[in-house]
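Kindly generate the complete structure, drawing on both the sequences and the hints.
Going down the list, the sequences are from chains A and B. Reminder that position 124 of the first sequence reads as 166 in our numbering, one-by-one numbering, no gaps. Reminder that position 255 of the second sequence reads as 297 in our numbering, one-by-one numbering, no gaps.
Source of the hints: derived by calculation from the structure; they are not laboratory data. In this text, a Cβ means the ideal position worked out from N, Cα and C, and glycines have one as well.
Only pairs whose alpha carbons sit at most 30 Å apart, straight line, appear in this in silico DSBU-like list of lysine-lysine:
1) B:K398 x A:K335
2) A:K335 x A:K407
3) B:K335 x A:K398
Some chain B residues well away from chain A (every beta-carbon gap over 10 Å; in silico):
4) D80
5) Q86
6) P196
7) P199
8) G204
9) H243
10) G263
11) I299
12) A338
Number of protein chains: 2
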Amino acid sequence: MTQAPDPLERFYSVIPAGGIGSRLWPLSRADAPKFLHDLTGSGQTLLRDTWDRLAPLAGDQRIMVVTGRAHRAAVEAQLPELADLNVVLESEPRESTAAIGLAAAILEKREPGVIIGSFAADHVIKGAILFRQTIVEAVAAADAGYIVAIGIRPTEPAIGFGYIKTATPLEIPGAPNAQSVDSFVEKPDLATAEAYVASGHYLWNAGMFIARADRLLEEIGAAEPELLAGLLELADAWDTPRRGAVVDKVWPRLKKIAIDYTVAEPVAARGQLAVIPGQFDWDDVGDFASIAKIHANGRKRDLAILGEGARVLADSSSGIVVSHTGRMIALIGVEDIVVIDTPDALLVTTSANAQKVKAVVDALKLSGSSDVL
Amino acid sequence: MTQAPDPLERFYSVIPAGGIGSRLWPLSRADAPKFLHDLTGSGQTLLRDTWDRLAPLAGDQRIMVVTGRAHRAAVEAQLPELADLNVVLESEPRESTAAIGLAAAILEKREPGVIIGSFAADHVIKGAILFRQTIVEAVAAADAGYIVAIGIRPTEPAIGFGYIKTATPLEIPGAPNAQSVDSFVEKPDLATAEAYVASGHYLWNAGMFIARADRLLEEIGAAEPELLAGLLELADAWDTPRRGAVVDKVWPRLKKIAIDYTVAEPVAARGQLAVIPGQFDWDDVGDFASIAKIHANGRKRDLAILGEGARVLADSSSGIVVSHTGRMIALIGVEDIVVIDTPDALLVTTSANAQKVKAVVDALKLSGSSDVL
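Next comes the structure, spelled out in structure tokens:
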């Protein structure tokens, strides 16, 4: 009897690098999405941070990036190790089921039995070893047939994240911390978030999914058969000269739907979704309050300053300044302030209003100010 | 017996256009002082507003401007009617006694018995007819030998202005509202300002002085004999080919001292200073809170937007935005905010902190950031 290869040897990371990150306008733009920024002060972009975190798991030849055609050059500049074979370009955004599903279909066709993990290009994670331990467990659970999510033990009643309600421990070899998932819940209000945290049954949804590619495709097909058919047609043509023609025909007609709705929620409802609680620090840096928090390192009244060559003079001020202009920025007596200074747009708000930035972007779209989006 | 000419026919306006207006940084700069800005939305600079207010009093041939050499071109561009004869250029700033005293000495030499009024180039006044009535009274009181100040009936316990404490009504023909002055007091704290306003005996010091030139020079000489000697030496040479040489020799050595200390306070202490209460609206627009107040027109929760081509998108925000860059400025949930956006410097503060802007300018000087001053 031949021993099966280590599940991690069958593992492939997928990085969907698509979202602009509207709540980080005017830093994030259509042509400079969130994943191309250094929001942590690490000295490199979030995309590069993501790559560096994933490469040790299965090697840099086993990381696929799904991104828009417009971002190809920027992505390749960030990731010189990225193999051509592993670049999947979207002609237009079709949401996460199409993006992750296409990667799954291509990889399953190339390598039946592959286990894939989907990791956002623009999250912040600290604790590489803990991250790896969590993913190893997740891969084991995926190998056992589960669709696997990663949950983060809440450190505060955050209202900017979705939550995962856990059910019972699962007995999965190699995944001692796996639990079944009761349900996914959307971003709560503060009182609800406090109740979640107090209960001990809720984890932050880190937006990572690990599964056997065939299982993932099966679930997509159960929810959206036409979408699956399109993905399989694309995958059949992908490594052939027909790719361009089939993409042009099929991709624009794929249903735009988040993988949360096609896979995560229905599978959780059937009790077949597992979650591995991650012990590492995680943040989706969804808004400027998030960035300020990361930089304050728990210290209140601090002013975080980002941006090369930033010139900031602050008196009795706290919050975050991002300077991309080299201008002198003077702050006097403004607390929890958010000042984002770019060559063609300036945002002034407060941490408490950071979630409303998306509404401004929507208003700018409506008013025809697309030059600054 | 020949009737003496109407005192107003002997009147000459003097506009010292010198101060940068540090509390309005980064709008006001060494090379773009406060008087060269439109802070009221009138469509013209404060200097031009000042000219237009004074020209009806004695004609545009009887307005003298004292300004720095560096501002000559800008001043003349603003005031095409300004006669060459009426431009007094300072080689370097020597404070208000020297500036106003030199104007007085030159004018007295040219036209003995002249009555002069000194009016800041960068204040905001509404109510041209009331202003004229006040100045007519002031000129009558000056003709009677008084040094005359203009006071404004306080509409609120302002802490940004100096106050004039009145004493008793004076019986001056042509100046029925003249009162003697008990004393000048510096900017008070709020409690003191409230007591001042409640007492009914205090007026805001509008920083305008009207006097016979010979009386003014006499008072300068009583306080600072050397300074007066220098001014007379300058005036003797002024309309001669010796002007340049004498200016180079004398001007840099003149004592730097405000006219408040050489004239206003000592004369008030002797009970020889008159004040005319002005009924017009006045503001020295000393800081951004002042500008915001002027634009809010008494309405709270308003956002004043200044600057040609300003693009501002505001949500739940109030205060003032001055935009000199054409950038899109988005404000979300910031109240009583002050955002001053210029090509090389950005200020973010609140109305309550507006007086602290000068401290930032001082800090920038100390830190060697003179490029933005």
